[in-house]
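J.: Work the whole structure out from these sequences, hints included.
Below are the chains, spelled out letter by letter.
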Amino acid sequence: MDDTELTERLARDLDGTFESLVQAHVNRCYAIALRILGDPHDAEEIAQDALVRAYGALGGYEPQRIRELRLRAWLATIVVNLCRNRVRRRPLPTTPLGPLVEAGREPAASDATDPSHAAAATADREHLAALLAALPERYRIPVVLRHVDDLSYAELAEVLGRPEGTVKAQVSRGLAMLRAAIPANELEELTA
Amino acid sequence: MSTMPTPRLNLTDDAPGGLRDLLFESAPVHVPEHVLIETGLADRMAPIDSPLGTLWVAWNGRGVSEVEQADDGNDAAARHEARTGRRTTLADAPPEPLAAAIRRRLAGETRVRIPLDLRGRSEFEVAVWTKALEIPRGEVRPYGWIAAEIGRPKAVRAVGTALGHNPVPVIVPCHRVVRTDGTIGQYSLGGPGNKRTILAAEGLDPAALEDAARRGERLSGSTTTNIVCWPTCRHARRTQDRYRVSFRSLREAAARGYRPCKVCRPTAVEAAA
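So the sequence lines, in the order shown, correspond to chains A and B.
When you line the first sequence up against this note's numbering, it's residues 211 to 402, in that order.
When you line the second sequence up against this note's numbering, it's residues 298 to 570, in that order.
These aren't lab readings, by the way, just hints derived from the structure by calculation.
Since we're looking at a predicted model, the values are computed, not measured.
Just to be clear, a hint being listed does not mean it is correct.
Said to hold, decoys possible - Coverage of chain A stretches by chain B, computed from C-beta distances (three or more under 8 Å per stretch; other residues unrestricted):
id, stretch
1, 239 to 247
2, 254 to 264
3, 332 to 346
Stated by the list, open to error - Computed list of lysine to aspartate or glutamate pairs in DMTMM-like fashion (alpha-carbon distance at most 25 Å, straight line):
id, chain 1, residue 1, chain 2, residue 2
4, A, K378, B, E322
5, A, K378, B, D318
6, B, K451, B, E431
7, B, K559, B, D478
8, B, K428, B, D478
9, B, K559, B, D538
What the hints assert, rightly or not - Okay, the calculated beta carbon distance ranges per label pair:
id, chain 1, residue 1, chain 2, residue 2, range
10, B, L387, A, A364, 43 to 51 Å
11, B, G382, A, A267, 19 to 27 Å
12, A, G270, B, R535, 49 to 57 Å
Where is the CB? At the ideal position from N, CA and C, for every residue including glycine.
T.: Okay, structure coming up:
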């Protein structure tokens with residue numbers, strides 16, 4: 211079910227359709243929160259809270275307003291706002307750019323049969339996640355929305371309430387900072 | 298262009314795939330279920346101890362949605378699902394704050410707040426159940442009292458029906474509402490035997506109550522205060538035997554110069570008669 215059909219059905223029958231919204235969007239809500247906050251436990255709480263708030267908000271909207279919702283951007287906005295509140299309440303420890311170990315994380319299941327290949331992928335992921343977590347918030351959030359959640363720049367502009375040109379520049383600057391932080395041996399593998 | 302066959306990190310502005318492949322991670326599988334429970338679109342169910350043995354309590358983010366008696370949790374969950382249309386999963390125990398609140402309510406604390414999910418119930422039913430919540434542990438009131446207190450003095454039978462439909466017995470103490478003739482009456486949670494058991498667990502003697510009612514002792518007054526109460530009102534029960542006087546009706550008490558207690562308000566039922 212695409213989002214147009216989803217909003218149409220939500221407008222007609224919120225309680226009967228909300229589970230479909232959860233199934234369609236829970237993973238991206240989680241992934242956004244995980245890569246903004248860097249902590250799986252926080253991300254789980256934020257994803258859950260965001261969807262519960264979305265349900266509450268939808269319950270108060272007129273059907274026409276629900277039909278007109280751009281769900282992807284709308285949900286991302288809720289997640290981003292909750293992440294910002296969380297950071298404000300309990301500032302993240304500032305971590306230096308460099309090799310970091312994310313404690314308590316199970317290596318993700320991989321299709322790769324070669325264990326060394328899987329291990330390399332996990333190491334990449336953790337390294338990259340740590341670098342991302344160390345970016346200043348104003349670059350980290352745009353990079354996550356654009357490159358982890360795959361939102362368009364137009365959607366980014368809507369979520370962040372800034373002009374498209376600004377968010378483009380922030381994404382670009384964020385990526386440049388990530389590139390600069392990646393050790394030379396890995397840089398060799400980056401495209402120019 | 299890179300000559301590498303599969304670049305591990307592809308950080309170009311227009312190739313989101315590179316980061317996404319590495320950094321997108323799916324939510325733990327229980328997150329969707331938690332969202333549905335929190336929003337009241339699915340329920341959980343778990344056993345609790347009570348004077349009636351194991352009871353099964355269903356709840357969601359809005360509050361407790363049902364209390365029922367069953368030998369088996371799966372049966373209880375299946376019935377709850379059929380009644381509510383909401384997917385119901387079993388848990389080992391309610392969340393500790395809820396479990397603690399239920400324990401304290403069963404122990405007689407009146408100031409314990411237990412949120413209830415009473416969606417789809419009529420205003421009248423909710424008014425009846427809310428009024429029943431005011432009856433303290435160890436006391437009983439007749440159906441007619443509830444009818445009068447909620448401003449529907451003629452709806453005595455409807456009050457009985459609403460109490461029979463109470464989805465959260467024990468938490469909403471419909472067992473503390475008895476027939477107007479003083480007999481204990483019906484109970485939705487497993488029948489009248491259970492009603493006697495739970496009243497006895499709360500310190501009452503159901504058989505003695507019925508005997509007194511049969512002797513025509515419907516109300517209890519004190520010769521020192523000239524106040525008349527329901528027999529189980531805490532003010533009636535602390536009256537010493539030598540000062541106690543019984544009445545068949547409020548009219549009889551009034552004729553002897555007694556005024557109704559302001560706590561248990563025996564006025565109401567008489568007004569209905």
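J.: If a hint holds in the structure, say so; if it does not, say that too.
T.: Here is how each hint holds up against the structure:
1. 239 to 247: The restraint on the stretch 239 to 247 of chain A holds, since 5 of its residues have a Cβ under 8 Å from chain B and three suffice.
2. 254 to 264: holds (count 5)
3. 332 to 346: holds (count 5)
4. A/K378 <-> B/E322: Within the cut-off at roughly 24 Å; holds.
5. A/K378 <-> B/D318: Distance ~21 Å between A/K378 and B/D318 Cα, so the pair holds.
6. B/K451 <-> B/E431: 20 Å, holds
7. B/K559 <-> B/D478: 22 Å, holds
8. B/K428 <-> B/D478: It holds: about 20 Å lies between the C-alpha atoms, which stays within 25 Å.
9. B/K559 <-> B/D538: 21 Å, holds
10. B/L387 <-> A/A364: 43 to 51 Å: Because 46 Å falls inside the window, the suggested range holds.
11. B/G382 <-> A/A267: 19 to 27 Å: 24 Å, holds
12. A/G270 <-> B/R535: 49 to 57 Å: 50 Å, holds
The earlier numbered hints are all upheld by this structure, with none contradicted.
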